[in-house]
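Trainee: Let chain A serve as the given structure and place chains B, C, D, E and F with the ligands on it in line with the hints.
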Amino acid sequence: MKKLPVILWGLMLPAAAQAQELNTGDTAWILTSTALVLFMTIPGLSLFYAGLVRAKNVLSVLMQCFTITCLASIVWLIYGYSLAFSDGGAVNAWIGGLDKAWLAGIGRDTLSGTLPETVFVMFQLTFAIITPALIVGGFAERIKYSSMLLFSLLWLTLVYFPVCHWVWGGGWLGEAGLLDFAGGTVVHITAGVAALVAALVLKERTGFPATPMPPHNLTLTVTGAGMLWVGWFGFNAGSAVASNGDAGMAMLVTHISAAAASLTWAALEWVRHGKPSVLGIVTGMVAGLGTITPASGFVGPLGALIIGVSAGTLCFIATNMIKRTFKIDDSLDVFPVHGVGGALGTILCGVFVAESWGGAGYADGMTMGGQLGVQFMGVAAVLVWTAVATWVALKIVKMLVGLRVDEDEETEGLDINQYDEKGYNL
Amino acid sequence: MKKLPVILWGLMLPAAAQAQELNTGDTAWILTSTALVLFMTIPGLSLFYAGLVRAKNVLSVLMQCFTITCLASIVWLIYGYSLAFSDGGAVNAWIGGLDKAWLAGIGRDTLSGTLPETVFVMFQLTFAIITPALIVGGFAERIKYSSMLLFSLLWLTLVYFPVCHWVWGGGWLGEAGLLDFAGGTVVHITAGVAALVAALVLKERTGFPATPMPPHNLTLTVTGAGMLWVGWFGFNAGSAVASNGDAGMAMLVTHISAAAASLTWAALEWVRHGKPSVLGIVTGMVAGLGTITPASGFVGPLGALIIGVSAGTLCFIATNMIKRTFKIDDSLDVFPVHGVGGALGTILCGVFVAESWGGAGYADGMTMGGQLGVQFMGVAAVLVWTAVATWVALKIVKMLVGLRVDEDEETEGLDINQYDEKGYNL
Amino acid sequence: MKKLPVILWGLMLPAAAQAQELNTGDTAWILTSTALVLFMTIPGLSLFYAGLVRAKNVLSVLMQCFTITCLASIVWLIYGYSLAFSDGGAVNAWIGGLDKAWLAGIGRDTLSGTLPETVFVMFQLTFAIITPALIVGGFAERIKYSSMLLFSLLWLTLVYFPVCHWVWGGGWLGEAGLLDFAGGTVVHITAGVAALVAALVLKERTGFPATPMPPHNLTLTVTGAGMLWVGWFGFNAGSAVASNGDAGMAMLVTHISAAAASLTWAALEWVRHGKPSVLGIVTGMVAGLGTITPASGFVGPLGALIIGVSAGTLCFIATNMIKRTFKIDDSLDVFPVHGVGGALGTILCGVFVAESWGGAGYADGMTMGGQLGVQFMGVAAVLVWTAVATWVALKIVKMLVGLRVDEDEETEGLDINQYDEKGYNL
Amino acid sequence: MKLITAIIKPFKLEEVKQALFDAGVRGMTVTEARGFGRQKGHTELYRGAEYVVDFLPKLKLEIAVTDDQVDAAVEAVSKTANSGKIGDGKIFVLAMERAVRIRTGEVGDDAI
Amino acid sequence: MKLITAIIKPFKLEEVKQALFDAGVRGMTVTEARGFGRQKGHTELYRGAEYVVDFLPKLKLEIAVTDDQVDAAVEAVSKTANSGKIGDGKIFVLAMERAVRIRTGEVGDDAI
Amino acid sequence: MKLITAIIKPFKLEEVKQALFDAGVRGMTVTEARGFGRQKGHTELYRGAEYVVDFLPKLKLEIAVTDDQVDAAVEAVSKTANSGKIGDGKIFVLAMERAVRIRTGEVGDDAI
Ligand SMILES: Nc1ncnc2c1ncn2[C@@H]1O[C@H](COP(=O)(O)OP(=O)(O)O)[C@@H](O)[C@H]1O
Ligand SMILES: Nc1ncnc2c1ncn2[C@@H]1O[C@H](COP(=O)(O)OP(=O)(O)O)[C@@H](O)[C@H]1O
Ligand SMILES: Nc1ncnc2c1ncn2[C@@H]1O[C@H](COP(=O)(O)OP(=O)(O)O)[C@@H](O)[C@H]1O
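Protein chains in written order, with the working numbering: chain A, 1 to 426; chain B, 1 to 426; chain C, 1 to 426; chain D, 1 to 112; chain E, 1 to 112; chain F, 1 to 112.
These aren't lab readings, by the way, just hints derived from the structure by calculation.
Incorrect hints may appear among the rest.
[As the list claims (entries may be wrong)] Taking CB as the label site, the calculated pair distances span:
id: 1; chain 1: D; residue 1: Thr-43; chain 2: F; residue 2: Phe-55; range: 25 to 35 angstroms
id: 2; chain 1: C; residue 1: Leu-400; chain 2: F; residue 2: Lys-85; range: 25 to 35 angstroms
id: 3; chain 1: C; residue 1: Asp-109; chain 2: B; residue 2: Phe-326; range: 40 to 50 angstroms
id: 4; chain 1: B; residue 1: Gly-207; chain 2: D; residue 2: Val-107; range: 23 to 33 angstroms
id: 5; chain 1: D; residue 1: Val-107; chain 2: B; residue 2: Thr-325; range: 43 to 53 angstroms
id: 6; chain 1: C; residue 1: Asp-109; chain 2: B; residue 2: Pro-212; range: 51 to 61 angstroms
id: 7; chain 1: D; residue 1: Gly-84; chain 2: E; residue 2: Phe-55; range: 43 to 53 angstroms
id: 8; chain 1: D; residue 1: Lys-79; chain 2: B; residue 2: Met-399; range: 20 to 30 angstroms
Built from N, CA and C at the ideal position, the CB exists for glycine as well.
Same shape as in the complex, but just chain A:
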């Protein structure tokens, strides 16, 4: 059994790292993976989202994703990495310490496993970038720039760094044996739940759902989708933190789940609406990728196929329910895709990790029931904490700088209004 990454990242790093030697192949793959995961956010995700909004808000989405990229990077340097990955001493179950604030003590020769620690810092940073960027879909087309900025800062601090520490940094969930290879809880549940809470707190866009708000440029969205798929190889196979069979299997199952979920979503549309659609198939892809994420280092190809089909189905249903039944304007459907997918994958991981399913097998002494218990606990804990802390963050932001542009500004569009720019002058 190899519960490898959790253990590796969580516990052995500080202590055992010195014992290992730098491996140039592992380093090469994680350097590459870092580039791939940054690529997922800029331009990947930002194009995916930008295509889905109306033309008058296209730049606002690009601006939000880009700003978050920069902001998260600076915060990561100052205290984020340290809170997430350094030892928190007495409160280590909950949060890391400040020993590595300003990346203190990390030099050219510092190793983390078989990698330079700088590479580990960069790789993990790209996760801290994409997670708040995913939330943009929940409050798109109506948030003020200043509010988005402040919210992202608070959210990283209150939600991302702690949860990352819980699961990967030596905190209580990792200790409890939670399997989350590349971020089902840390990335997708946190982002999905935050987007839902933001949609509820900010309220719907003016006119929703009566006024049509069709995507203004699906070529951008499909372009972004392709980039996300490719970049996700870095996200999941990079999370092996090595260039080996674990990475290879992670890439393979990631790919299978994406393909299966895409086809599932398209098929469901075909059955239900009479036609498949390109927005549907790429949404299925994101669902499949998000759902396999926590499981990608643990399951085999068959598990991945089932996870993919489940992801396509459940996220399809959830998207329709949030939008049409509950009429919640989670504008770019972050919760039904990432939140639901992340939770689904975290739970299914507890099943398909079984060796009988071609998975990596349970930890010694762990049973399927036990593992599922841990997985459910992880999902619930992250979900509740994220919901509460996001709500608090939004209330603070509202108090300090407000949340939304006013209605006339919303009608005019955020691009002109917030940035004095226009997307297209064709």
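Mentor: Positioned in the frame of chain A, the structure of chains B, C, D, E and F with the ligands alone reads:
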């Protein structure tokens, strides 16, 4: 002499693989190459093609490429990889077996040379994805979605898996000593010929050639072109299945051929039409890349230069002939670029592999004449088989679900008609 | 102290290379970096620039960048690599020789350090591609295609190959101890100064500055920006020519500088104009990336932060001055961003390389003052040489084929006029 | 017969269309336009270069009506396109001499 | 002088232009438009959200003609733009008081 | 009241707008158009397939004016839009029966 990849892939894999050890550097490069080659299809090729059609069909092309990506992946898992790369027993000359169906027996620790076999599976899958996606250019702007889906499935089964086995999987062409490093026959001839047959069977788009059908968005096309060039480094240098001097030389000759063919095409336009064009130069690039593909592991820089110039010239002439002389609506010129280029490169490889040209040299006992004979045989065999099998596949599709949308639907555009979506709402 | 890359590239290569063994991990990372740096130009930079011009010139910019890519590649093969990186004998301080013209003597087994020399050739080529492509921003929207072609050829020969040799190829500046890790002088100062000179020689676009010439499609620009950031990881971390802690630290400081400069630029806009903008933040990013480039292998995270903030500030001021105070039509602001940033970074490198700042430390016997002297000398020498040689090149071009399209052609747009194509048919 | 040209704010289209439909109008043709008038434009700013944009996005509706529909149609537009804010637009009415429905060749009121 | 406005299906442009040319018309101005009428629109569907699109792409031709050209021009358009299917469009004819050719300052019939 | 339609070359817009403003015109509506006329078009060429494009980019200005403004307005346009080169465009003047300012409901000259 190093006829390395053919032998490696074809024969030694099943047997000798166990003897080798995992190399993290090789693995890192092939993981990366896999990402690069997937990137060639989504978003690379799909953007390249999408820009060339009319605005009302932009999504249909993106949808077709994306769907093929998903479909090929699932089929690869179920039986494609096995048919292509497992031992076919008595019929091994023609087709592999089903031992590895569902990727049976491939785990985290299974090696293939110095790589995890999962990585080899994924790398090869990206070739099985892009090949049918290339064909999209032959039937663009008029095929029904369901027909495209069924056709792709049949085509992969009847053409791609067998031909891939012939050349790289231990089949008769590999045995005969055919040099095809990265897919001149397996990828480019098959795709080019299939597109031509599809264009003939589906007939031309309504209005062709009288009605102007200019590209609707060349920025997409040039963007896709850049992605193709970059991704092709994975395609060709990745086909070394190692991170070494073979890979380095493959990258170098690939690059030189692309540059030379691009400039050649632009120069020919300049001479003939008075002006070069950006569509011309990027088409030259594709020609140069497709043509060097079979030769990329065998020739040196000078060979590459000559191959590039030849590619630019011959494909330029072929494009004009197919469209204007024969008035065949191979809509995005797949045959004259990929088919002609693939054949040209396969043949020229037989010349420039010579050590006197800076190439890797002939196999022991092989002469230039002998090698050229094998190369011609390979080209002819793949061409004929592809033509026949594609024709059969199309007839089956036509019988079962039809091929084209009707004329009104074609006028309306496939995006609205087949997918209920519109590309742009600017 | 590790003045590693300068020494490695400059001196030890020819001699010591044979002693080292191929390292697959190092090779994998530089193969990948090569792909990343090519990706910076096509499609990265070309999209970044294309979005900034008017719709009628969008293809001209894409065409110029693409053509330069091809042209530089062929010239590199014929004599560029040799002039830059081979031994120049008696004049080696100034220029390399022609021993490696046509890449003579470089085979599959030739090593350069721990890499195949082919990989080093390719990696360095991508720098020779992007540098003249950057200049495009200086003469955009008015140059003739033939003039651009001839100019690029002359400029590579008169400026890029010599300066590259001075700094990295064993020439006098490398010998003098100039620290330029990845191209502050070689790439950014040369390109920036050349763009300025070109803007002055070609004169402003008709109508500048009275007529508004807003960017026609900022989604392209932001897409290109994301690609540039990602690709820059290859540029800077690849310049370690190894997959190790130097590469990791280079990636980290590159990233921090980019983020810091982006936020700085946006903040300055906010203060000065009341709103930040997406074009502003991505321009800040380019400034941060260009400025850290020479320093990326030498400084630590804190140095990078300060360099980033300085870059954002100084380049912001310079951009406003060039355009508004001096009314020079360096159309896409190449000089104030790349020229000023490259100079700034080269100089600041002399400070932050100090170990007390977390840097790699000075060479034995070197002091901060001494180093700063060398850095200033390097900046001045490259600046002056570039200015003079660019001016000469432009005069030659003007004499032979002229420089600008005429006014009617400029009004019509270069796409129709020079290429018989149109960017959009929506 | 009259040809009514109405310049309206883009987000009012659905409402106006519905009101015209209720007023018995069965067809119209819409064009994207940019309007200059009393409504203040905005400033765009690109790397410090300022562009004053005083043309604002509008829609232009062209509605052919019979003489007895014209009052109802004008009324329908002027009511629903009104947001009470500057820039709501204009309605222009012109006399039309002839109308033809291309498909059938019908002319005059029948063609509308 | 008359100003003819013709709403046609986009793919008919070349044919109509040719017919007008044959009828002696030497100039026209074309605008992209979206038409609402008897022709049924379509539905777009994005992640389950349905949008009914009842404005369809049309081209609007404006053709200034002299009084003696008007019948031939209307005839030319109505003949070639006719596909016999719903949505073929309309032709509207308005009286024009004045015409100026900007380049030469010519007015009246000479300006057309 | 008159409705002036002016077809001009795109790059002339700012100048024409200013001249109209100086002539007392306080509003106008602009549409992107493509014009066919005496001015020669260009050829586009994609992989050897040639397309003759004889519709050239123009702007169409619609300017409602009071009867006493019409001469000044026509004069303003015809002067500033003139580059002396073929393709400078046309001005058409039509009688307008009614004008309404949507915001206020004002009609007639007051609405303009
Ligand atoms: N004289 C005019 N001729 C043509 N169009 C006009 C004229 N005046 C105004 N418009 C159009 O009406 C729109 C609204 O006019 P504006 O003066 O801004 O506000 P309001 O009509 O509320 O007074 C303008 O944007 C323009 O499109
Ligand atoms: N009353 C009208 N005013 C202006 N344009 C109209 C009117 N009726 C129809 N049109 C235009 O003519 C087009 C075709 O009309 P439609 O009723 O769909 O078909 P048909 O003309 O064949 O009966 C419409 O899309 C619209 O652009
Ligand atoms: N009869 C016409 N009806 C409508 N528009 C016309 C007509 N003739 C010309 N135009 C418009 O005027 C523009 C300029 O006309 P053209 O004949 O090219 O040049 P000029 O007006 O200088 O003689 C055309 O592109 C077209 O938009």
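Trainee: For each hint, tell me whether it holds in the structure or not.
Mentor: Against the structure, the hints come out as follows:
1. D:Thr-43 <-> F:Phe-55: 25 to 35 angstroms: 33 angstroms, holds
2. C:Leu-400 <-> F:Lys-85: 25 to 35 angstroms: 30 angstroms, holds
3. C:Asp-109 <-> B:Phe-326: 40 to 50 angstroms: About 47 angstroms separates the Cβ atoms of C:Asp-109 and B:Phe-326, which means 40 to 50 angstroms holds.
4. B:Gly-207 <-> D:Val-107: 23 to 33 angstroms: Holds - the Cβ-Cβ distance for B:Gly-207 and D:Val-107, about 31 angstroms, lies within 23 to 33 angstroms.
5. D:Val-107 <-> B:Thr-325: 43 to 53 angstroms: 48 angstroms, holds
6. C:Asp-109 <-> B:Pro-212: 51 to 61 angstroms: 53 angstroms, holds
7. D:Gly-84 <-> E:Phe-55: 43 to 53 angstroms: Roughly 26 angstroms apart at Cβ, these two residues miss the hinted range, so it is violated.
8. D:Lys-79 <-> B:Met-399: 20 to 30 angstroms: Check failed, 59 angstroms falls outside 20 to 30 angstroms.
In the structure shown, a violation is registered for the earlier hints numbered 7, 8, in ascending order.
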